[in-house]
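Once you have looked at the hints, place chains B, C and D on chain A.
4 protein chains.
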Amino acid sequence: MSIQPIEPELELSSHIQTLGHCSVTSPLPYRRFMSDSDLVMYDLDPGRLKARVRDGLEPMAFERAGAREKIYFDPANVKVAIVTCGGLCPGLNDVVRSMVHELYFMYGVRRIKGVRYGWAGLNPSNRLGLLDLDPEVVQGINEDGGSFLGSSRGPQPVDVIVDTLFREDIRILFAIGGDGTLRGAVAINKEIQRRGLGIAVVGVPKTIDNDIGMVSRTFGFDTAVAQAVESLRCAHTEARGARNGIGIVKLMGRHSGFVAANASLAVANASFVLVPEIPFDLDGPKGLLASLDSVLSKRGHALVVVAEGAGQDLFDDDFGTDPSGNRKLGDIGLLLKQRISEYFKSKKFEHTVKYIDPSYIIRSVPAAPNDRIFCVFLGQHAVHAGMAGKTGVLIGSWNNLFVHLPIELAIRRRKQIHPDGILWTSVLESTGQPESMVNSL
Amino acid sequence: MSIQPIEPELELSSHIQTLGHCSVTSPLPYRRFMSDSDLVMYDLDPGRLKARVRDGLEPMAFERAGAREKIYFDPANVKVAIVTCGGLCPGLNDVVRSMVHELYFMYGVRRIKGVRYGWAGLNPSNRLGLLDLDPEVVQGINEDGGSFLGSSRGPQPVDVIVDTLFREDIRILFAIGGDGTLRGAVAINKEIQRRGLGIAVVGVPKTIDNDIGMVSRTFGFDTAVAQAVESLRCAHTEARGARNGIGIVKLMGRHSGFVAANASLAVANASFVLVPEIPFDLDGPKGLLASLDSVLSKRGHALVVVAEGAGQDLFDDDFGTDPSGNRKLGDIGLLLKQRISEYFKSKKFEHTVKYIDPSYIIRSVPAAPNDRIFCVFLGQHAVHAGMAGKTGVLIGSWNNLFVHLPIELAIRRRKQIHPDGILWTSVLESTGQPESMVNSL
Amino acid sequence: MSIQPIEPELELSSHIQTLGHCSVTSPLPYRRFMSDSDLVMYDLDPGRLKARVRDGLEPMAFERAGAREKIYFDPANVKVAIVTCGGLCPGLNDVVRSMVHELYFMYGVRRIKGVRYGWAGLNPSNRLGLLDLDPEVVQGINEDGGSFLGSSRGPQPVDVIVDTLFREDIRILFAIGGDGTLRGAVAINKEIQRRGLGIAVVGVPKTIDNDIGMVSRTFGFDTAVAQAVESLRCAHTEARGARNGIGIVKLMGRHSGFVAANASLAVANASFVLVPEIPFDLDGPKGLLASLDSVLSKRGHALVVVAEGAGQDLFDDDFGTDPSGNRKLGDIGLLLKQRISEYFKSKKFEHTVKYIDPSYIIRSVPAAPNDRIFCVFLGQHAVHAGMAGKTGVLIGSWNNLFVHLPIELAIRRRKQIHPDGILWTSVLESTGQPESMVNSL
Amino acid sequence: MSIQPIEPELELSSHIQTLGHCSVTSPLPYRRFMSDSDLVMYDLDPGRLKARVRDGLEPMAFERAGAREKIYFDPANVKVAIVTCGGLCPGLNDVVRSMVHELYFMYGVRRIKGVRYGWAGLNPSNRLGLLDLDPEVVQGINEDGGSFLGSSRGPQPVDVIVDTLFREDIRILFAIGGDGTLRGAVAINKEIQRRGLGIAVVGVPKTIDNDIGMVSRTFGFDTAVAQAVESLRCAHTEARGARNGIGIVKLMGRHSGFVAANASLAVANASFVLVPEIPFDLDGPKGLLASLDSVLSKRGHALVVVAEGAGQDLFDDDFGTDPSGNRKLGDIGLLLKQRISEYFKSKKFEHTVKYIDPSYIIRSVPAAPNDRIFCVFLGQHAVHAGMAGKTGVLIGSWNNLFVHLPIELAIRRRKQIHPDGILWTSVLESTGQPESMVNSL
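Chains as they are written, first to last, in the working numbering: chain A, 1 to 441; chain B, 442 to 882; chain C, 883 to 1323; chain D, 1324 to 1764.
So here's chain A without its partners, still in its complex pose (with noise of 0.2 Å):
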């Protein structure tokens, strides 16, 4: 469910770059195309649009995504790279296969290169060369969970990026990842425009948490949801099997709960969600550890979901870093069932704790049917923009289209649950946790 967003300060459409005028007549059959000046609007409030028509100003709008009539590169030359990045992620395989396909079958390009293990991959000290791709070699690769070309986190020099793509005569790099990825294409593309190489940076957004700013919909989010529907139902037969049973299952969602609170609205059997948006106390009368013991009275066994970002103001050290720049999470699934344990062992009341942490389950399996065909249409319209010369450019989903969105501007602001939105407020009711679990509140 979206949440509409903070209001950005900037026109989204006046923002896509491109890297010069569009000559080469598209290939494509097609009767209609969309052009530059097809905008979607960004708010969808009729009274802020009336009040801003009336003070002159454009109504905010995205520049729609699909193919253009006339393109940038010549389709019989070009030669494309793509790459994807980070964790795993539902459905990667899918963009990419759309992505050949579309190239070779629609545009006819013939050259188009797979990079091997992320960016790592355009690092020529890995040794790790290009992959030749075509609609055979990516044939059934969807069938398959993870990611056919490989993926690593953590950056590499942009410098030696750049270096390569220019050696290698690649003229659009499709990068598909999170938020290290984009902020990764958004420096090789300000280096490549540093130096004035023509290269075009199409990104499409991976984030199995969904929490991309400005984007409705990111690409595995449902099927990941669906995943982690089954650890939930596991865990709430583990609870239930035994008294006082509590299971515990950790999710993924480093900033933001979507997974969470989706998984458990969808199963309906959690006490508990515990994401990062919302702060809760361990201790305390209306603390965590309290709530848990009077739904034990109550039901006899509880179910506890916790995204993995929850709660880290709940440890004392700081983690450090991983490679990818993100700031380490302490374990939040693993310190909830000790001190859940030793809340109930110093009461001596019978229990048995269950924890689940079923990451890695979650984001390699294969991408569901709805999963596939928006990644079908995600690899699409990467390849009209990138083939249009657009540079810089993420395709975001919004209101159900197609968008173009400066990848600046995605990756500025998180999206989040709002702990006032139909979201989170039917996570409760389906809980019947307490609003707030924060005893100065």
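Keep in mind that the hints were calculated from the coordinates and are not lab data. Beta carbons are placed, not taken as given, at the ideal position from N, Cα and C, and that holds for glycine. This list has only true hints and no planted wrong ones.
Among the chain C residues that face chain A by a calculated CB cut under 10 Å, a handful are:
1. Gly-1022
2. Glu-1025
3. Asp-1026
Relative to chain A, chains B, C and D alone:
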């Protein structure tokens, strides 16, 4: 994928009817409520919007659905009924369960009735009685497919239904159903108003074909597509396993081919997708049979996906109407099977035809997780609307937000696949089928 | 569940043919090999066994399958072929893959051919050629259902097939197929022996009906039952969702109702299970229609599960034979649908009939894990048998052990459900259907 | 795949105890009943049989399970209890449901009690009470995983349990559980006999590891393997998606590696399978680390599957015992993760380790269809045994037939993987791992 619908002539939000002034304070512990002045624009085109605003017109907009701070009915006294009508659709039980939970736990309503077997259950001559619903009764019903309440096709006399509602003291009728059901709801609502009975009628749109106008998503659709995908896989396997194997799968879609198109995109193995929106010939140089012949020569096998409403002009007969008043369709799947067999037999071309008609297997499965969540929200919003005294109103989903929609407007036009839109374009790209299989075009 | 089969008249193990003396040392690095004197008793009854031993007779026993220390063919020179025949069955690709792996990696055989589309692929008039098989070619084929090699029904001239085997220098033919295929394998083997060609013929029994005599388990059966269960669930959902809803599901089972009986036991929702082994009347006081009537009065819905070969005596017509020489069956599912509708219409009893015929959807899915493992072993044991020069031999499974079985014996009698055995007794208990629905009994 | 177990010293069938003479006529409408003289051979080797007969010894044989024509307890008066103990296992609810159905519908028993949370529920100090069971209460419980009755680990005082049984007038106790539970059942049975109480104790073996001696199949095993396969797939996907990615999956198997071995065979992607039966070194030229190093150099990724009981000699510590009296295991999965990381870090070899411990996710799912059917039969046969007054008896499955087994014998020896049997041989073939990873061998 949504297709921008044709512009309606009406101010959407100003057509929402209410039974009267809302004077009861909502028992919901929310910090933030929706109000009738929260609107969502219907049209997303900034140019048209600017023009409209400058012409002094209001932008067309939907009223946002959601909990109101002041409601019309007193939860302590109100008695409500829920009815499910028409063919099965994944998620029916989820919607019913969500309604019961919201009514019972959040509003404190205790008089909740379930109507047995569709409109038939409101006709006393069927002696079906009403079911008492509470959270215990609906516990786990969403783990099963189908409708816990039972369903039936076809209308019942409007005055008899209204008599029953009045006699039973039902003050809110929640009707979950498709086209025909919603038409019935409109008639019932009119009769209620004619008699001045003060009964609210709230609809939740149910169409596995996802073809209700001005509603971007209907529940069960994603689940149905995922199930359809399994049938396509099997048909593809059968086709590939035989010399010149031809698999034919008939999917739902009386007027709109969304299930067929989406399932085909997800599985990407179809050679032909036939939908009601796009006419085709069987014979002649551009017809399906000649195209299929050429595909078999190249690939040695072929998969034909056909929506049940496709190619109805190929039948000479009129098949009459079903109890719901829908025109009965010719069995296009069997016709294709027969004509394809005859064609290749007459050419003495060795081949095998395998025909799969999975209809009931697709529509009677439990809802997939993302549909479950969607159903939770639909049920909640329907309850909010009913408690606020809205009537003749449908809970729509517009650009990922929930809205109120006059039922009459929603059923005025069907949503269909646009031949120049990205869905159909992608289907053409994916299948490689000719843009037109009509000889005269 | 196995039913103790009728006692054969022959010494099983002494009927296994070999091409000659095994003088080649197996390349397998095993510490323990099987020998032809490793036997498994056929009959498990101690009383009969004691009597036999006291009478100076050998206990009837199968020869154990497994790797031999001395083999007949030189792996460096032998050329082998694999053929799959008849209808699809989950696991076909697993068996083929296992054979290729065992031949290639363990024995070091490099000349492995795949026959296209069943026996047809060994008739040069079909111009189908042979496929080169190695581990790379069969990589991942078991993730798909169906037969990677293709299949077909019906025989081809035996002498043409033997000509082809000889001309292509095939020394071992692995034939995976059912009744008809195995009959063909026997004929081919006889012709080979008549000509003194020294070619081994090794069969792997394939029957989704699990009805091959003296073989306690055949691959794909568990998977098929699991798939059938899904159809029964859907039919039950449809039946329950309508007033006096009657779901009819037709499952495979030409001569034996094992799939129908097992699926019904697993889902435990069926009111009637109809199998070829147990006759039934439609009309009359004890007939199905009267019984169904009484079930509907009590429960309001009913599920009828029917094996395709059940009730064939209810048809007047002779439907001829199919290309495999099997008698064509009357469509008992459609007959039931028709007769049930007529019956209740004539009684003016409101009802709904939903008919599901999931055949292709059941047999074309990939194998479930336990079938996969079983197929791995079948493939390995077939290779061991072939390399040891066994011929006319079938790889059977007897009491969880793998054995050699003369093909001729295996196809002599079919396995069927015993009306007094625990399987049928449990079906009667689970459905509550009358022990007999024949008026004259 | 079963491994022929070591020969027991006892006449199996002659050790089945009964409470007394069976004088009640069974209410079952069967035409054919089993009798105590129906036997099934334990050993299938004809040579050993002949030798035994010549020596004047009886062939070792099990008594067949099944309905008896004369039973011991009067269904109208008998009161029975069902208890589930130990860790969860798919199918527990199916067995309970089958028992209730058989007792209620077939024998007409009306006093059926469910014991809450294992043996704890028979200790009054836990104040858990007994649950009334009938077909309505157990309706649909098998759609959920886990144990509807609840379970717990660890014993309770035998005399307290026997006191409770006597006080509650329980005449048959059905105990579903593993090793520890069955040991408890033996002790309870002895105490009952010491006191001369005439209470029957009937066990149904539950072990997800499938390692109970003289029982060829236990329920839930196939389901667990199928679930384990999903984890292996995910780990393989993760491993392949990273440079030198190493996936480690810990599966159940304290003493026997059947789950690990079978799951690995089914998915065929593992590089190493480590089981309790086969020791291995970590270090040294033949150790796992060196082998893994060599696999990574060749393939670039590796999957290590480890049963929880494998490599316990690698731990210095003694971890004590759990409440059930089982020795606590060192966490071999974490040890491997740690040692593998250290090894490659010290070699400055870029790599990624992903560790998956899916335990609860595997054991808490609902049973797959073939396990369901198996559970139906187990439950029925347990009821037949109890009603016939058999005690101290276990319902075993031997060569696809159901048999009676003295509990004491069954728990005397565990079933384990034989290093020279076809299961382990196939694992070695499938993985390509060295036959021995012990330096001194």
